[in-house]
Amino acid sequence: MKFDTAVFEVQDLLYTINGTDIIKDISLVVKKGEYSAVIGPNGGGKTTLVRLLLGLEKKTKGSIKLFGQKQKAFKAWDKIGYVPQRVSQIDQFFPATVEEVVKMGRTAKRGLFTRESQEDRNAVESAMTKMDVLNLRQKLVGELSGGQRQRVMIARALASKPEVLILDEPNTGVDMVSQNRFYGLLRELNQKDRMTILFITHDVGVIADDIQSMLCINQTLLACNNPHEVLSCSEMSKLYGIDAHLIHHHHH
Amino acid sequence: MIDIFQYDFMVNAFLAGIIIAVLASVSGSFIVLRRYAMLTETLAHVALVGVAIGMVTEQNPIWVAVLVSVLSAWLIEYLRSYLGLYSDSILAIFLSGSLALAVVIVSVAGSFNASLFSYLFGSILSVSDEDLIIMLIFGSLSMTVLLGLFKEFYFIAFDEEVAQVSGLKVKLLNFLLVTIIAVIIALSIRVVGTLLIGALMVIPTISALRYRLGFSKTIMLSLLFSISAVLVGMALSYNYSLPSGATIVLVILVIFIFSMLMNRK
Chain A
359 MKFDTAVFEV QDLLYTINGT DIIKDISLVV KKGEYSAVIG PNGGGKTTLV RLLLGLEKKT
419 KGSIKLFGQK QKAFKAWDKI GYVPQRVSQI DQFFPATVEE VVKMGRTAKR GLFTRESQED
479 RNAVESAMTK MDVLNLRQKL VGELSGGQRQ RVMIARALAS KPEVLILDEP NTGVDMVSQN
539 RFYGLLRELN QKDRMTILFI THDVGVIADD IQSMLCINQT LLACNNPHEV LSCSEMSKLY
599 GIDAHLIHHH HH
Chain B
388 MIDIFQYDFM VNAFLAGIII AVLASVSGSF IVLRRYAMLT ETLAHVALVG VAIGMVTEQN
448 PIWVAVLVSV LSAWLIEYLR SYLGLYSDSI LAIFLSGSLA LAVVIVSVAG SFNASLFSYL
508 FGSILSVSDE DLIIMLIFGS LSMTVLLGLF KEFYFIAFDE EVAQVSGLKV KLLNFLLVTI
568 IAVIIALSIR VVGTLLIGAL MVIPTISALR YRLGFSKTIM LSLLFSISAV LVGMALSYNY
628 SLPSGATIVL VILVIFIFSM LMNRK
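As you go down the protein sequences, you meet chains A and B in turn.
For the first sequence, counting from 1, position 18 maps to 376 in my numbering; every step adds exactly one.
For the second sequence, counting from 1, position 190 maps to 577 in my numbering; every step adds exactly one.
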């Protein structure tokens with residue numbers, strides 16, 4: 359496993375709250391360009407794992423490397439685009455147009471006390487175009503449908519021109535048509551733009567054809583989807599009520 | 388309205404009013420979005436301790452108030468984020484604790500008089516040249532930071548965690564925002580006073596939010612409301628001999644009610 363191809367490298371990860379292990383013995387590698395689904399039961403630690411990767415929670419033990427660098431020393435956060443779970447819970451009165459939200463994605467990259475450059479404007483424009491929200495730019499995010507909001511949040515993540523996209527079930531409460539469109543966009547990002555994607559989802563069946571690996575998390579890593587372990591993983595999925603039939607279908 | 392500028396104290400009052408209207412409405416937008424309204428109230432009372440110390444030690448009360456409220460703001464933030472105490476209770480402790488302390492300091496010094504009273508309700512007509520200079524210096528400092536870090540504060544207000552993941556130093560920026568808010572509150576107590584400053588910081592933004600605009604437009608509207616309220620309030624208070632701080636706040640309230648009625652669903 360070479361450092362330069364690993365986006366995330368986790369070793370013997372342990373995360374404990376008040377003596378209870380929330381995450382333990384997790385070692386994994388997410389390679390550059392890979393589209394991985396993170397699945398597992400509710401409360402099994404999927405979100406916690408991602409939050410640990412992003413430094414939003416402090417690990418108890420183990421090592422986390424981002425782009426080959428120790429998490430503590432890692433500075434290139436603009437390489438990571440993050441779309442959190444709470445997309446549907448935006449305060450509907452929050453004064454933010456679609457464009458203003460997408461621009462947030464440039465904030466850290468621009469640095470303090472700076473004006474918007476042409477490059478910033480282009481990045482925002484192209485992220486909005488890619489996610490097909492350009493025509494909504496003047497609308498308030500609070501007035502958008504679930505599917506539109508979801509695309510706006512991804513556009514914001516894309517505005518910093520990241521190499522990885524991490525999505526934490528941003529599709530709760532989104533209608534079927536929008537969901538399918540959303541999956542199509544993710545596939546396109548992965549296949550056309552070589553974007554590494556880490557996607558926490560309940561819906562692994564639908565994206566089975568798109569993903570290259572599957573991480574089943576229930577406190578620990580249950581199985582990785584390297585070819586030999588496919589069966590155990592789909593069994594795991596069945597165990598947790600994820601539609602294993604569709605997963606199977608993909609491997610025929 | 389023109390003849391009110393024939394007196395120097397009216398010119399000072401006018402300038403102080405404009406400075407505070409601008410500072411309060413721009414910082415107020417972040418206060419509302421971050422749900423810091425109670426923090427404002429608390430810091431306003433804390434600033435009173437500074438005023439009391441200033442009066443007793445014969446320093447200019449405003450800059451002592453700036454110092455005390457900034458230090459307290461840091462302490463409050465520290466207690467909230469590191470000790471994990473109930474944040475609204477911390478605010479309650481600071482609010483009543485500092486009021487009590489201010490009253491005791493002033494009464495021990497034997498000067499519990501109209502002067503302290505003027506800091507409770509504001510007395511824009513007594514803004515001195517020295518006050519104005521302090522307001523200009525600290526005011527332009529805070530405004531520079533607010534405008535310079537506008538996009539950072541905005542991102543954090545919208546989604547603190549995503550802002551952190553994107554690489555912003557959220558903790559530091561939060562400390563900075565609270566510091567600026569503390570400074571602005573301390574500067575404002577001359578104009579509207581401890582008990583009324585909360586209104587000046589919160590209501591213009593709340594009113595502007597009713598129009599459901601983007602952020603930059605909301606800020607502009609809130610600025611417009613705030614400045615008009617201060618100007619109209621001062622004119623009314625001059626013409627009808629009404630207390631200035633309270634009149635300003637009532638004018639803002641009228642704007643708020645109007646905005647509510649205009650934007651009913």
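Because the hints were derived from the structure by calculation, they are not lab data.
All residues carry an ideal CB built from backbone N, CA and C; glycine is no exception.
Careful, some of the hints might be misleading.
[Unchecked claim] Heads up, simulated BS3-like pairs for lysine-lysine below, C-alpha to C-alpha not over 25 Å straight-line:
| id | chain 1 | residue 1 | chain 2 | residue 2 |
| --- | --- | --- | --- | --- |
| 1 | A | Lys-417 | B | Lys-556 |
| 2 | A | Lys-437 | B | Lys-558 |
| 3 | B | Lys-556 | A | Lys-430 |
| 4 | A | Lys-433 | B | Lys-604 |
| 5 | A | Lys-430 | B | Lys-558 |
| 6 | B | Lys-604 | A | Lys-419 |
| 7 | B | Lys-556 | A | Lys-416 |
| 8 | B | Lys-604 | A | Lys-423 |
| 9 | A | Lys-428 | B | Lys-604 |
| 10 | A | Lys-519 | B | Lys-556 |
| 11 | B | Lys-558 | A | Lys-488 |
| 12 | A | Lys-433 | A | Lys-416 |
| 13 | A | Lys-497 | B | Lys-604 |
| 14 | A | Lys-417 | B | Lys-604 |
| 15 | A | Lys-419 | B | Lys-558 |
| 16 | B | Lys-558 | A | Lys-416 |
[Stated by the list, open to error] Going by beta-carbon spacing under 8 Å, a handful of chain A positions derived as facing chain B:
| id | residue |
| --- | --- |
| 17 | Leu-412 |
| 18 | Leu-414 |
| 19 | Thr-418 |
| 20 | Ile-438 |
| 21 | Thr-455 |
| 22 | Thr-465 |
| 23 | Ala-466 |
| 24 | Gly-563 |
| 25 | Val-564 |
| 26 | Ala-566 |
[To be verified] Ranges of calculated distance between the beta carbons of each label pair, as one might list FRET restraints:
| id | chain 1 | residue 1 | chain 2 | residue 2 | range |
| --- | --- | --- | --- | --- | --- |
| 27 | A | Gly-426 | B | Leu-611 | 40 to 46 Å |
| 28 | B | Leu-611 | A | Ser-385 | 55 to 61 Å |
| 29 | B | Glu-547 | A | Lys-433 | 33 to 39 Å |
| 30 | A | Gly-426 | B | Leu-563 | 52 to 58 Å |
Hints, verified against the model:
no. : hint                                 : result
1   : A:Lys-417 with B:Lys-556             : holds, 19 Å
2   : A:Lys-437 with B:Lys-558             : holds, 21 Å
3   : B:Lys-556 with A:Lys-430             : holds, 14 Å
4   : A:Lys-433 with B:Lys-604             : violated, 34 Å
5   : A:Lys-430 with B:Lys-558             : holds, 16 Å
6   : B:Lys-604 with A:Lys-419             : violated, 47 Å
7   : B:Lys-556 with A:Lys-416             : holds, 16 Å
8   : B:Lys-604 with A:Lys-423             : violated, 42 Å
9   : A:Lys-428 with B:Lys-604             : violated, 42 Å
10  : A:Lys-519 with B:Lys-556             : holds, 20 Å
11  : B:Lys-558 with A:Lys-488             : violated, 33 Å
12  : A:Lys-433 with A:Lys-416             : holds, 16 Å
13  : A:Lys-497 with B:Lys-604             : holds, 13 Å
14  : A:Lys-417 with B:Lys-604             : violated, 42 Å
15  : A:Lys-419 with B:Lys-558             : holds, 24 Å
16  : B:Lys-558 with A:Lys-416             : holds, 15 Å
17  : Leu-412                              : holds, 5 Å
18  : Leu-414                              : holds, 6 Å
19  : Thr-418                              : violated, 18 Å
20  : Ile-438                              : holds, 7 Å
21  : Thr-455                              : holds, 4 Å
22  : Thr-465                              : holds, 5 Å
23  : Ala-466                              : holds, 4 Å
24  : Gly-563                              : violated, 28 Å
25  : Val-564                              : violated, 25 Å
26  : Ala-566                              : violated, 28 Å
27  : A:Gly-426 with B:Leu-611: 40 to 46 Å : violated, 52 Å
28  : B:Leu-611 with A:Ser-385: 55 to 61 Å : holds, 58 Å
29  : B:Glu-547 with A:Lys-433: 33 to 39 Å : violated, 20 Å
30  : A:Gly-426 with B:Leu-563: 52 to 58 Å : violated, 33 Å
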